[in-house]
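Chains as they are written, first to last, in UniProt numbering: chain A, 1 to 94; chain B, 1 to 94; chain C, 1 to 94; chain D, 1 to 94; chain E, 1 to 94; chain F, 1 to 94; chain G, 1 to 94.
It is worth saying that the hints were derived from the structure and are not from the lab.
Predicted model only: the values in this text are computed from it and were never measured.
From the three backbone atoms N, C-alpha and C, an ideal C-beta is built for every residue, glycine too.
Treat the hints with care, since some could be wrong.
To be verified - Here are the simulated DMTMM-like pairs of lysine to aspartate or glutamate, each with C-alpha atoms no more than 25 Å apart in a straight line:
| id | chain 1 | residue 1 | chain 2 | residue 2 |
| --- | --- | --- | --- | --- |
| 1 | G | Lys4 | E | Asp62 |
| 2 | D | Lys75 | D | Asp88 |
| 3 | A | Lys52 | D | Asp50 |
| 4 | G | Lys68 | F | Glu80 |
| 5 | F | Lys52 | F | Glu80 |
| 6 | F | Lys68 | A | Glu94 |
To be verified - Far from chain A by the CB rule (all over 10 Å, computed), these chain B residues:
| id | residue |
| --- | --- |
| 7 | Gln36 |
| 8 | Asp50 |
| 9 | Asp62 |
| 10 | Asp88 |
Residues per chain, in single letters:
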Amino acid sequence: MNIKPLGDRVVIRRLEAEEKTKSGIVLPGTAKEQPQMAEIMAVGPGGMIDGKEVVMEVKVGDKVIFSKYAGTEVKHDGVEYTILRQNDILAIVE
Amino acid sequence: MNIKPLGDRVVIRRLEAEEKTKSGIVLPGTAKEQPQMAEIMAVGPGGMIDGKEVVMEVKVGDKVIFSKYAGTEVKHDGVEYTILRQNDILAIVE
Amino acid sequence: MNIKPLGDRVVIRRLEAEEKTKSGIVLPGTAKEQPQMAEIMAVGPGGMIDGKEVVMEVKVGDKVIFSKYAGTEVKHDGVEYTILRQNDILAIVE
Amino acid sequence: MNIKPLGDRVVIRRLEAEEKTKSGIVLPGTAKEQPQMAEIMAVGPGGMIDGKEVVMEVKVGDKVIFSKYAGTEVKHDGVEYTILRQNDILAIVE
Amino acid sequence: MNIKPLGDRVVIRRLEAEEKTKSGIVLPGTAKEQPQMAEIMAVGPGGMIDGKEVVMEVKVGDKVIFSKYAGTEVKHDGVEYTILRQNDILAIVE
Amino acid sequence: MNIKPLGDRVVIRRLEAEEKTKSGIVLPGTAKEQPQMAEIMAVGPGGMIDGKEVVMEVKVGDKVIFSKYAGTEVKHDGVEYTILRQNDILAIVE
Amino acid sequence: MNIKPLGDRVVIRRLEAEEKTKSGIVLPGTAKEQPQMAEIMAVGPGGMIDGKEVVMEVKVGDKVIFSKYAGTEVKHDGVEYTILRQNDILAIVE
Chain A
1 MNIKPLGDRV VIRRLEAEEK TKSGIVLPGT AKEQPQMAEI MAVGPGGMID
51 GKEVVMEVKV GDKVIFSKYA GTEVKHDGVE YTILRQNDIL AIVE
Chain B
1 MNIKPLGDRV VIRRLEAEEK TKSGIVLPGT AKEQPQMAEI MAVGPGGMID
51 GKEVVMEVKV GDKVIFSKYA GTEVKHDGVE YTILRQNDIL AIVE
Chain C
1 MNIKPLGDRV VIRRLEAEEK TKSGIVLPGT AKEQPQMAEI MAVGPGGMID
51 GKEVVMEVKV GDKVIFSKYA GTEVKHDGVE YTILRQNDIL AIVE
Chain D
1 MNIKPLGDRV VIRRLEAEEK TKSGIVLPGT AKEQPQMAEI MAVGPGGMID
51 GKEVVMEVKV GDKVIFSKYA GTEVKHDGVE YTILRQNDIL AIVE
Chain E
1 MNIKPLGDRV VIRRLEAEEK TKSGIVLPGT AKEQPQMAEI MAVGPGGMID
51 GKEVVMEVKV GDKVIFSKYA GTEVKHDGVE YTILRQNDIL AIVE
Chain F
1 MNIKPLGDRV VIRRLEAEEK TKSGIVLPGT AKEQPQMAEI MAVGPGGMID
51 GKEVVMEVKV GDKVIFSKYA GTEVKHDGVE YTILRQNDIL AIVE
Chain G
1 MNIKPLGDRV VIRRLEAEEK TKSGIVLPGT AKEQPQMAEI MAVGPGGMID
51 GKEVVMEVKV GDKVIFSKYA GTEVKHDGVE YTILRQNDIL AIVE
């Protein structure tokens, strides 16, 4: 993929319901925050973000849970991606 | 469990009323903040969070009181979990 | 008591009106902030809280004035406690 | 007085209009902030407050101007006191 | 004058229209911020304010432009003063 | 171009739909944040911005995705530019 | 000019439409932020501002683009000036 996120941002691709069923995770969501599963497609370099050292903890290929309302959607070659900050990723699903 | 929280986040499972009765704790809640009891299921690595060093003080198996409105709910293999920051945990019940 | 507060939190038990009369303190309260007297029941370890070193200045048994709207109420073995941050305690009454 | 303020807080007693007349100070107040004169009754130890070193600049007996809406009112042995942060004191009147 | 401002505060006395005419400055003001001219009457010691070193750049006698809505008005011996933070002073008029 | 941005600001020129089609990127946008593609025309020096060291990660000629609502529009010799902070640039498209 | 701005403030004089035409810059403005061109008339000393080191990047005579809603208007000898922080200046036009 040719989208290179800046700073502590990552590019993710949402996983569909079928993919979630395979790993056994279901994300019901709530009114206050609707979580989603996704795969990491690209990872920014981290470094000094707003004057604070950020180390990237996720890597390409990680399955993650993130907050649905975080980030910006981008469509590339017919696939929708989301660009968001690593801090908006809640957990890695192994 | 295969949910690995990032940073200073933890995964908790809420304890039901019967479980609370056993330990003698009752959580009435108030309009402003409804506390809940839960068990710690997974603990993030801590480290530099928003440029501040966070040491994880809770461990898997701890019974804790947390604020009901904190965190994100995730359903996994039929069990509901909540992912929240350690800072949203008020106390450990021993 | 088996509630162990995390970080800079403390567990307090409110003192009733009669107890206040004994020490001569009356807390009228105002519309903006209603103060209350309480006894410290448990004290967190302090340490790095939000990246800032917090030293605990109160100890178990201290009589304190705190802001009524601060903290979370917890009922334990028929007694109501409040968990709040040390910063929400205004003064020690000696 | 047996109220010992924590951190950078001080306990003050408001001065009445007659007392103000003696020192020649009149505080008209405005809609946005109504200043008041008071005497310092007790001074907290200062030190690290929210991760910042605070040195106490006022001492018991100082006559000060403070913002009327700051702090918490406490009644003790029939006298009303206010507990507020040193930062809410605008000036010392000598 | 016997008002001694704390921290980075200064005491100023507003200059009337006639005084402004002499120095050739007219301050029309706008809806969002109405500037005013004043003379510095007293200057606080500066030092650590909210954990930041503040050096006082104004001195007694300086003519300054400040924001009308900043600070607290105090009347002393029939003269109205304003107590405000140095940061609310925009410029010195020489 | 003779617009020299200050601090961590950059000057960008929006890319039109046709240009986007060539690189295969489509930016559908959402109600919460409408992303846009642009080319970097000028880059500020970075350095200490609000007391934090900012290193410029973009360079003139980079194609970037940025948030539509960020920045200020400027028209120069018939071309519209936008001046915005590097932090408002989400990713570089290579 | 005898207005000496404090800290990281600068004094600017707005450039009229005709002056803009000469340099080829047109500033259409938008609902969210209406940019303006101006000339720098005076520059504060910079230094520690809110506990952060600020180096002044503009100098007297610079033509700059700034945000219309920033700063305070001052009229001096029949000329209107604006006093604003360097951070509200977006770019220098060379």
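A quick look at each hint next to the structure:
Restraint check for lysine 4(G) and aspartate 62(E): satisfied, since their Cα atoms lie roughly 11 Å apart, inside the 25 Å limit. For the hint pairing lysine 75(D) with aspartate 88(D), the CA-to-CA distance comes to about 20 Å; that is within 25 Å, so the pair holds. In summary, the hint linking lysine 52(A) to aspartate 50(D) is supported, as the alpha carbons are separated by about 19 Å, within the 25 Å threshold. Between lysine 68(G) and glutamate 80(F) the alpha-carbon distance is near 18 Å, which keeps this suggested pair within the 25 Å criterion.
For a cut-off of 25 Å, the pair hint linking lysine 52(F) to glutamate 80(F) is broken: about 30 Å separates their Cα positions. In summary, the hint linking lysine 68(F) to glutamate 94(A) is not supported, as the alpha carbons are separated by about 36 Å, beyond the 25 Å threshold. For glutamine 36(B), the non-interface assignment is confirmed: its Cβ lies about 14 Å from the closest Cβ of chain A, beyond the 10 Å cut-off. A Cβ of chain A approaches the Cβ of aspartate 50(B) within 10 Å, the least distance being about 6 Å, so the stated non-interface status is violated.
With 10 Å as the threshold on Cβ separation, the claim that aspartate 62(B) sits away from chain A holds: the shortest Cβ distance comes to roughly 18 Å. Against the 10 Å criterion, aspartate 88(B) stays outside the reach of chain A, whose nearest CB is about 13 Å from its own CB.
Of the numbered hints stated above, those contradicted by the structure are hints 5, 6, 8, listed in ascending order.
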